[in-house]
Amino acid sequence: MKLGFLVDLNLCMGCKGCEIACKVENEVPLSSWRLRVKYLDVGVFPTTTRNFTPLRCNHCENAPCERVCPVSALHYLDNGIVNIDNERCIGCAGCIMACPYGAIYMDPETNTADKCTYCAHRIEGGMMPACVTACPVEANIFGDLDDPKSHISDYIAHHQNNGGVQVRKPEKGTEPKHFYVGGGQQTLNPLAHQRIEGYSLFNNITHLKHVGQPNHGIIDRFMEPFASHDEDQGGH
Amino acid sequence: MTEHTIAATQAIVTLDVALPGIIWGSIITVNMWAKSIGTGVILLGAFLYYRHKKEDMPSLRWVMPTVAFIALNIFLAFTLIDLHQPYRMINIFLHPNWTSAITVGAWMASLFTALITVMMTIGIMDAFPDLRRNCAIGKTARANSAVYEKIYPFVVFLAIPVTMYTAIIMAQSAARELWQAPTEMIQMMWAAFMAGSASLIYFSNNWTAAVRKDLAFVLAISVFGSFAMYMGEYFFSFKAAEAEATLAYVHAGGEYFGQFWTAMIVGFVLPFFMSILAVKSDNKVVLKVAATATLIGLYMAKDVWLKIPQLLPLS
Numbered sequence: 001m002k003l004g005f006l007v008d009l010n011l012c013m014g015c016k017g018c019e020i021a022c023k024v025e026n027e028v029p030l031s032s033w034r035l036r037v038k039y040l041d042v043g044v045f046p047t048t049t050r051n052f053t054p055l056r057c058n059h060c061e062n063a064p065c066e067r068v069c070p071v072s073a074l075h076y077l078d079n080g081i082v083n084i085d086n087e088r089c090i091g092c093a094g095c096i097m098a099c100p101y102g103a104i105y106m107d108p109e110t111n112t113a114d115k116c117t118y119c120a121h122r123i124e125g126g127m128m129p130a131c132v133t134a135c136p137v138e139a140n141i142f143g144d145l146d147d148p149k150s151h152i153s154d155y156i157a158h159h160q161n162n163g164g165v166q167v168r169k170p171e172k173g174t175e176p177k178h179f180y181v182g183g184g185q186q187t188l189n190p191l192a193h194q195r196i197e198g199y200s201l202f203n204n205i206t207h208l209k210h211v212g213q214p215n216h217g218i219i220d221r222f223m224e225p226f227a228s229h230d231e232d233q234g235g236h
Numbered sequence: 237m238t239e240h241t242i243a244a245t246q247a248i249v250t251l252d253v254a255l256p257g258i259i260w261g262s263i264i265t266v267n268m269w270a271k272s273i274g275t276g277v278i279l280l281g282a283f284l285y286y287r288h289k290k291e292d293m294p295s296l297r298w299v300m301p302t303v304a305f306i307a308l309n310i311f312l313a314f315t316l317i318d319l320h321q322p323y324r325m326i327n328i329f330l331h332p333n334w335t336s337a338i339t340v341g342a343w344m345a346s347l348f349t350a351l352i353t354v355m356m357t358i359g360i361m362d363a364f365p366d367l368r369r370n371c372a373i374g375k376t377a378r379a380n381s382a383v384y385e386k387i388y389p390f391v392v393f394l395a396i397p398v399t400m401y402t403a404i405i406m407a408q409s410a411a412r413e414l415w416q417a418p419t420e421m422i423q424m425m426w427a428a429f430m431a432g433s434a435s436l437i438y439f440s441n442n443w444t445a446a447v448r449k450d451l452a453f454v455l456a457i458s459v460f461g462s463f464a465m466y467m468g469e470y471f472f473s474f475k476a477a478e479a480e481a482t483l484a485y486v487h488a489g490g491e492y493f494g495q496f497w498t499a500m501i502v503g504f505v506l507p508f509f510m511s512i513l514a515v516k517s518d519n520k521v522v523l524k525v526a527a528t529a530t531l532i533g534l535y536m537a538k539d540v541w542l543k544i545p546q547l548l549p550l551s
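Chain order of the listed sequences is A and B. For the first sequence, our numbering gives the first residue as 1, with consecutive numbering after it. For the second sequence, our numbering gives the first residue as 237, with consecutive numbering after it.
Don't read these hints as lab results, they were simulated from the structure. Just so we're clear, the structure is a prediction, and the values are computed from it rather than from any experiment. Keep in mind that the hints are not guaranteed to be accurate.
Counterexamples of contact, computed for chain A against chain B with all Cβ distances above 12 angstroms [unchecked claim]: (1) Asn10; (2) Leu11; (3) Val24; (4) Leu77; (5) Ile90; (6) His121; (7) Met128; (8) Pro136; (9) Leu208.
Facing chain B, a subset of chain A residues (Cβ under 10 angstroms, in silico) [unchecked claim]: (10) Gly14; (11) Tyr39; (12) Arg195; (13) Ile196.
Quick reminder that beta carbons are idealized off the backbone N, C-alpha and C, glycines included.
Chain A with its partners taken away, still in its complex shape (with noise of 0.2 angstroms):
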């Protein structure tokens, strides 16, 4: 079994359901992202297109952050997911930075790499991942790449003519396994388009400052577990 991921761009509304339906199912973090919806407008005046994709790991069959982790918290699971353990991942970002789809983040509780595990737990009991189940349009598709029979292996097979199918910066050979039916350059290439500063619709903040918790300094680091501890007792 080899799970992957589809999205049809053409389907996408933009209505950000995944995303909230993977922060509630993940407890992702404020100022966090395991998946999020990228608007995007392209073209000139008056002839101009808004453009959603939502972007999440890749599941990479030739993982970087697999391979430069170096206590293998980063590792495949037999059904193909790249997942992660939390409990031991030692914080030095290796991971952060060999992904070149920027998926990983560093969660500011745990102060560990964290990122989307197809909602792994949940494959585990027989359910789709909460963005698929949330998406209103089923322009998140699921299943088994090996199978032939099963959804996503019609619907690549279905819209494979002619580049209908791409995956993002093929030319890594990081393999992933998740493609987009509708991409194009200017949606799935970083550098084809511009991150200008104002523009956005609801927020001007463009660039995080911190890795992790803020006010998680050098000596908070190698205090951390005496601190919990004294916060526990309080606690209770």
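We have chain A already, so just place chain B on it with the hints.
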């Protein structure tokens, strides 16, 4: 309107999350800089022992491992404090993933530092016979003085991969096209020769002029080699769109432009001419100024080269 002014694609991000800023910052710069000193003095020491008699540089036997020991401990300390979970560093030894250059490097650097500690202890105890005369460590070190020369060749051999493994970590960062394994590996070697010769120059007052001449010569050659590679990457980096986009942050001016060119002038161009002058005149003051400038410039250059690829949006 902005959408009218973007010629390339007319594509603008209008809603997205905040992207991470610099992930590996100045802590990692100090880490690489200190490692260059720690391994560089060992490599330069080997070169000097090959070229000269021990009597020409009597203090080298204890100075070299002591400087390396201090630098390597700074390197290891900064490696540790960069971790968000520093106590879990032990997992690298308990659950090693051997495909990771971080793992291989941590093991090699730990072994290297352990051997350097042995060499430093023997070197200091032999150089200062009255120090800790009755202490068990002093007695053991003096009784096993020959161990120093036995392990030194292995330490020199180990210094090479310890110097270069950080380049492999950078190369394993698949998204940062500016960091190419062969280039960075050679840059790490140049950095080690620069930092090693610069560090030993401070202790070369009582060494022979021929030794200082060699140190000045190595410094000149290494700053030239490193500078040439930086210039090649800066001006002729046609490798990938990402490398070009990364360098655009420097080319466009601003903070990194200033730091990069200050580093090139202070750490590479000036030391080159000063060390060439020192080769001819055996001017100790000029040589020490060149050494200081090299160490400052090397830090600044490594800092820029570490940070600029991280400015690029990956998604």
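Hints versus structure:
no. : hint   : in the structure
1   : Asn10  : holds (18 angstroms)
2   : Leu11  : holds (19 angstroms)
3   : Val24  : holds (16 angstroms)
4   : Leu77  : holds (16 angstroms)
5   : Ile90  : violated (4 angstroms)
6   : His121 : holds (22 angstroms)
7   : Met128 : holds (24 angstroms)
8   : Pro136 : holds (19 angstroms)
9   : Leu208 : violated (5 angstroms)
10  : Gly14  : holds (8 angstroms)
11  : Tyr39  : holds (4 angstroms)
12  : Arg195 : holds (5 angstroms)
13  : Ile196 : holds (6 angstroms)
Of the numbered hints listed earlier, those contradicted by the structure are 5 and 9.
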